[in-house]
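Chemist: Residues per chain, in single letters:
Number of protein chains: 4
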Amino acid sequence: MSNKIRLGILGGGGDSLIGVLHRVASSMFDRYEIVGGVFNPNYPDNVAFAKKLGLNESRIYVDFETMIVEESKLDKDERIEVVSVLTPNFLHYPMAKQLLENNFNVICEKPLTTTYKEALDLKKIQEEKNLVFAVTYTYTGYPMVRQMTKMISNGSIGKIQKVDAQYLQGWLNPVIHEKEKRNSTWRLDPKKSGISCCVGDIGTHAFNMVELVTGMKVKSVLADLNTLYDDNPMDIDANILIRFSTNAKGTIRSSQIATGEENNLRINVYGEKGALKWEQENPNYLYHLTDDAPMQVLKSGHSYNDEISLDGTKLPPGHPEGIFDSMGNIYKGVARAIRKETFQDAEFPSIDDGVRGMDFIEKTVESNSKGNIWIELNN
Amino acid sequence: MSNKIRLGILGGGGDSLIGVLHRVASSMFDRYEIVGGVFNPNYPDNVAFAKKLGLNESRIYVDFETMIVEESKLDKDERIEVVSVLTPNFLHYPMAKQLLENNFNVICEKPLTTTYKEALDLKKIQEEKNLVFAVTYTYTGYPMVRQMTKMISNGSIGKIQKVDAQYLQGWLNPVIHEKEKRNSTWRLDPKKSGISCCVGDIGTHAFNMVELVTGMKVKSVLADLNTLYDDNPMDIDANILIRFSTNAKGTIRSSQIATGEENNLRINVYGEKGALKWEQENPNYLYHLTDDAPMQVLKSGHSYNDEISLDGTKLPPGHPEGIFDSMGNIYKGVARAIRKETFQDAEFPSIDDGVRGMDFIEKTVESNSKGNIWIELNN
Amino acid sequence: MSNKIRLGILGGGGDSLIGVLHRVASSMFDRYEIVGGVFNPNYPDNVAFAKKLGLNESRIYVDFETMIVEESKLDKDERIEVVSVLTPNFLHYPMAKQLLENNFNVICEKPLTTTYKEALDLKKIQEEKNLVFAVTYTYTGYPMVRQMTKMISNGSIGKIQKVDAQYLQGWLNPVIHEKEKRNSTWRLDPKKSGISCCVGDIGTHAFNMVELVTGMKVKSVLADLNTLYDDNPMDIDANILIRFSTNAKGTIRSSQIATGEENNLRINVYGEKGALKWEQENPNYLYHLTDDAPMQVLKSGHSYNDEISLDGTKLPPGHPEGIFDSMGNIYKGVARAIRKETFQDAEFPSIDDGVRGMDFIEKTVESNSKGNIWIELNN
Amino acid sequence: MSNKIRLGILGGGGDSLIGVLHRVASSMFDRYEIVGGVFNPNYPDNVAFAKKLGLNESRIYVDFETMIVEESKLDKDERIEVVSVLTPNFLHYPMAKQLLENNFNVICEKPLTTTYKEALDLKKIQEEKNLVFAVTYTYTGYPMVRQMTKMISNGSIGKIQKVDAQYLQGWLNPVIHEKEKRNSTWRLDPKKSGISCCVGDIGTHAFNMVELVTGMKVKSVLADLNTLYDDNPMDIDANILIRFSTNAKGTIRSSQIATGEENNLRINVYGEKGALKWEQENPNYLYHLTDDAPMQVLKSGHSYNDEISLDGTKLPPGHPEGIFDSMGNIYKGVARAIRKETFQDAEFPSIDDGVRGMDFIEKTVESNSKGNIWIELNN
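Protein chains in written order, with numbering that gives the first Met the number 0: chain F, 0 to 378; chain P, 0 to 378; chain E, 0 to 378; chain R, 0 to 378.
Derived from the structure by calculation, the hints contain no laboratory data. Honestly, I wouldn't trust all of these hints.
Repeated chains share a single entry, so a pair holds when one copy, or any two copies, can fit it.
[What the hints assert, rightly or not] Taking lysine-lysine pairs in the DSSO-like style, the calculated list, with each CA pair at most 27 Å apart, reads: (1) K158 x K178; (2) K149 x K339; (3) K158 x K180; (4) K3 x K50; (5) K149 x K75.
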C-alpha cells in the first residue's frame, strides 16, 4: 500500500476545467491518490466519471454529507485525509464547514466564501481544529512569483514605495452589450455570484498577489467600479486606489471588458533600491530593475533563484512550465503541511488569504456605493 | 533665396537636450531655416553658440524683447515667422504673450504656462490674432500614435469603454530619499516648477495622449498624489481615476519614483469591438486586439496605415524612427499651417491642448488636497 | 476496475527529470495507470521508488527481461499494454526490440537508437507486429506547433521557399574549456553517446520539427561541425545547410556552446504567401507574417485554431501551458492509437520520425568528415 | 561665417529616401552645411530641388565633373570639403575616384563599387591622398552596436566561439514569382546591380557588422545561394557558412524572400564567458547573456555604456532613437576626422570596410558557382 495522501474531491466532474487543473496538480509529485468524492450532482454521471478516474465504486458518494459520514467510519489510515472543494462559490462555505468539523483538511477554490462573515467563521473552526486549509490562488505557485516574494522580503528592492497591479480580461465583452445575455449569465447574477463580479472573480487574485509579494497589508481602498449598463448592478470593471500601512500607494485595476485581453495579470513593485515586475502570461520571467544598472531578466530553474523558487521548478531552465505546474506546486506544499514535513508559508495560500480576499471584495463595493471614498480593511 | 520658413529660437543653447531636439526636428523636412534667436541668457555664450549654428551675428539678440523689436523692423519676407520657446516653464507665458501680440507664430514647449489662467489668456490672444500656435507634446508625432487616433475615430474598436494610461519614470528616486537633494532640485521647488512636479511634467503628457487618441474629453478626475516625505509638498507620484463624458472610465498613473523605469508612457484603449495598445519606448508598433481573432501588430511605414501616419514615416517598414522623427513630424505639420497648406488637426498639438493640460494639473492637485474627491474639468 | 491503459516504465526512477516528465504526462488526461516497471537498475532503490508511486510489489521487476516474461503470463486485461522506455540511449534498441517481439506497444525516448541500422531493424519488427510505437520528440506536442503544421498543410503560407531552424543551448560551455571535464562527460564520450553529441541530442529535434511542420522531407545536408578542441572528436556545435526535394533551402543551426542560451529552439518557415514563426521558450504564441498585412499573433486555446491544436489545450486562452502539457498531448494521442480511437498522425511522432532522425545524424557527421560536402538522406 | 563643414551631395534628389537620410544625418549635430551638389541628372529638376534646400544657384551643378572643376577654383575656405555619393552603385567608382584625385573627402553609400578590383583601386588612391573616406554601413552608427563592439574588444564575453548573423527581408517576394516582374526589376539585372542581388545588397551589411563587432576577420566562406527560378541568375536568398581565423565558426543568412520580414538584421556573438545579441529593429537594446546569471538588458543612454556609445545618444534613456540618429552618428565621426579632432575608428566605417565587402560578395558567389565549396577571402 502506497503512502500517498488520500484525496477526496467535491465537484470538478465532466468537462470541468477546474477539475482537470486540480487532478493534474495533485498527481504531479506523486504525493496524492484520489480515493473518493462527489464529482457531479447527478449520481449516474458521478459514478461514470469517477470510474473513469479508477475509483472504487464504494467511495463514489451520492452527496458530500454522505461522503463525510461514510469516510469517517473508515480506518484512519484508509480514510480521506484532505478534500478539494471545487464546487460553485456558494457551496464552499457549507462544505468546508462540515469538512473541518469532521476533521478533514481542506483545499478550497477561491473565493473562499460568498461573505466575509462566512470566511471569518471558517477561520475560527479551522483554528480550533488546527487543520490544514489551503485556498487555491493558483498563480501564487509560479516559481517566479515565489522568487519575487523572496527577493522583496530579502530587501533586494528596499522599502516599497509604489505598487501597480492589474488583472485584465475581455471575456465579458461579447456578453455585456446584449441585454438578454447580460441578464442571464450566472456571473452577473448576485444571487449566484455574490455582490461583485469582476472584483470577486479576478480583482481578488490581484489583491492576494499584491499582499503576498510585498509582504504588506493593504490598509484602505478607494474604488470606482463600472457596470456599463444600468439594468445590471454587478461590476465588470474596477479601478481601485490602494494604500498600505506605510507611505506606499498604488492601484489595482481589474476588468472583464478589457476587450481582447485574456488573463493579463501583472504586478509591478517599486522600492527605494529597485523594482520587480512579473506577468502571468509569460510566467517564467521576472524583471529586476534598478536606477542605473542594466535590467536583469531572471528565469525559472536557475541556481541563482531562491530554493523555494527552485523547489517549484521540475526541469532545467528553458523548459517552460505553466499553470498546471503552478497549481502542482501548491499541492506539493499542502502535502508537506499535511504530512508535517518542513515547509514555508509561501508554499500555499492559507485561509487567512481567503479571509482577506472576502474583506477586500466587500470594502471595494462599499467604497464605490458610498461615492468612491476611502474604506479601511480589517486588520 | 530659399523659401524656407524663418525660425527664431528662445532658449535651447549650450548642451540643452530640448535644444537639440527642436533643431534636428526643424531641419528634418527642409522646411525651416534658423535665422535668429536668444539661445542663452549669457550674451557671449549666446553669440558663440549661435555662430556655431551659422547665424548671422546681427540676428543674435541680447534678450527676447530686443529680438521682437528688431525683427519687427525687418521686411516681411525677411523677418522671423515663427519662434520656438524652449525656456524654463515660467518664461513661456511672458514670451509667448509678447510674440503673439507682435504677430509671430509660436511653437511652445509644454507645459504651456504655469497656471490655467495664463493659459486661457494666451488662448484669447492667439484667437484674436489668428496665429499658428503649437504646444510640443512630442509623443503625439509618432506615426503609430497618429494611426491609433485615426483608427479610433474611424470606429475600428467601437465605442470606448475603458482607458488605461501610464507614464512611469524613476529618475527622481536617487534624489528623493536625501533631504538635502530633494529640497534643492528645481523640479521640486514650487516657485520654479508650479504646483505640481509629477503631474505637471509627465502626467500631462499621458492626459494629452488620452484625449488625443480617444477623441473624448475627460470630464472629471480623482487623484491620489504621493510625496513620500512631509518636508516637500510636491507630488512625485500620482494615481488618478478619470471619467469621460460617456460611461467610459479609466486611470492615469504617473510617477517619477517608479524605480528603474525610464520613459514608460503607455496607453491602452478598450472599445466594444476591439482594443489598441501603444508604448512610447517601442514606438513603431501598435497592437490591435479583438475578442477572438489573433492580435494584429501594426508597424509604421506600411501601406495599411492611414495617410497621416504614413506622412510621418520617412523610410520603409523596418527602419526604426524615434523621438527626433516624432518631433520632426510636428514641425512638418506646423510648417504646413504657417504656409496655409492643407493639414489635419492631428498633425500637431494646439494651444487648446496646452490649456486642457493646465486645467488637468490644477484639478488633479485640487482633488488630492480636498481628500481625493471628484473634480470636474472645464469644458 | 478502471479502463485506464496499463503502463509499464523502464528507467526514470529517483530524481530522473525524464521520469517526472513522462509520469506527469501520462496522468494528465486520466488515460493511463502505471502498473509495473523497472525504474532503477539497483533493485532495492527500484522497489522503494516504485512503492512511492503506489505500485503493487509483485510488478516491480528486477530487470526488463523479467518484466516481459512475467507480464506476458498475466491475463490480457491485466497485463501491461504499453511500455515507456526512458533508459540511456544505448538501451533503447535492445529493450524496444524485445518489447515489440513480445507484443507490447512502445513509447520510446529519442534518439530512437544509436545507429540508423538499428532504427531500421526496429521499424521492420514494428511493421510486422503492427504495434503502436511513439518516439517522444516532446516539443511536437505543443498546441501551436500543431497549429503551425496544420496551417502549412492547409496552404496558409503557400509553397515553402525557405526554412530557418535553430536549437541553441549553452550548457556545455562551462564543461568544454577544461580538458579534464570535457573528457569525462558521458555526452562527449562516443561509446556512450553515439557518433554525435550536439546533432544527436538537439539537432535531431530541430530536424524533426522542420520535417513535421513543413510536411516535406530534407533531401540533402551539408554540415560544418565544431569541436573547439582537438582532443575530443564529438561535435558540440553544428551549422547545417539543408535542401528539400523542391527548390526550398534552409539551415539548421544547433549548438551546446551558445553561451547563455537555454533551450532556444526556433523554427521559421517562409512560403510564397506568408510565413510562420515559433519559439519553444514562449510556446503559446505563433507568429503569422504576410507581405503587407499586420503580423498576426495566434495564441493557444482560441477557437480560431484548428481542432488538433485545441485538443492539446486544457484551459482557455491566457493560461500558459508548458512542456509537461506538451508531453501530455503526446501521451493522449498514443492512448487513442492504443485504444483504436480516431486520431491524427500529427498527434505523436512515430517510429518513422525516429528512423529519419538517425539517418540525419549519420549523414550530418558524414558530410562534415568528408570536408563539408552534400550528402543525400535516404528516402 | 559659420565654421560648419562644407558638404556637397551627388544624387539623393526628389523623393529619394537615401537623400533624406543623409541630409537629416548631416544636420543632426550642427557640423555640416550643404553648399553645393548635383541632386538629379535632369538639370531643371536639380535646380528646383537644390533651391528648396536653400542652395546658392551658382553651386547647383550640371554634373559631377563640372562640380569638381568649379569647386576646385574656389578658395580653400569656401569650397566643398567633403562629398556624399548617393548615386546608383555603378556610379560610385567613377565619382569617388575623381573626387579623391581632386582632393575631396568622400562619404560613399554601400556597396563601395561594383567589383573588388575597383574597390582596391579606390583604396590605393585614398591612401596616397590621405583623405577621409567613409562607407555608410548605416547600422554601425547605432549606440548599442558601438557598445557591443566595445564590450567584445574589452573581453566582456571572452574568446569568441560562435557567430550567428542574419539579415532577412521579404520585399522581393511579391516580385519574384511573376516572370515579367522579376526580369524587369533593376535589382535583379546583373548589368545594373552587379553579380549579386541579395548578398550584395544586404548580406554585406551582415558581413560588415560581423567583422566590426567581433574585431575578427572572416577567413573563408561556403555559400548556398537560391534563385528560386532558372530564368534569372541573381541570388535572392543566401545561406552562408563562415569561418574565422581562429576556431570560431558561424553563419550569415540573408534573404529577400523571407516573406513578411522587413529589415530583420540580427547578430549574436557567443564567447567563452558570455554572449551579446542585438537586433536592428529594436536597436536601443543589447542583450548580455552568461552561463548562470540573469540576462542583462542594456539600453542606450545609460552611464554604464562606453563613452563611444554615449557619444551616439542625444537624449536620456527611454527616448528611442532610430536609423536617422544612427546615420547622424556616422556623420559626426566623419566631421571629427575631417577637422582632425580626436575620434575612434569605430565611429564610422572606412574604405577598408568597403573593400572587404566587395571581396565577400565575389567570394560568396564563387563558392556557390563552384558547388558550395570553401573559398578564402583576401587578407
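Chemist: Decide, hint by hint, whether the structure agrees.
Modeler: Structure-based check of all given hints:
1. K158 x K178: Classified as between; 17 Å across copies, 48 Å inside a copy.
2. K149 x K339: within (23 Å within a copy, 49 Å between copies)
3. K158 x K180: Between copies only: 19 Å across chains, 47 Å inside a chain, cut-off 27 Å.
4. K3 x K50: both (19 Å within a copy, 10 Å between copies)
5. K149 x K75: neither (37 Å within a copy, 53 Å between copies)
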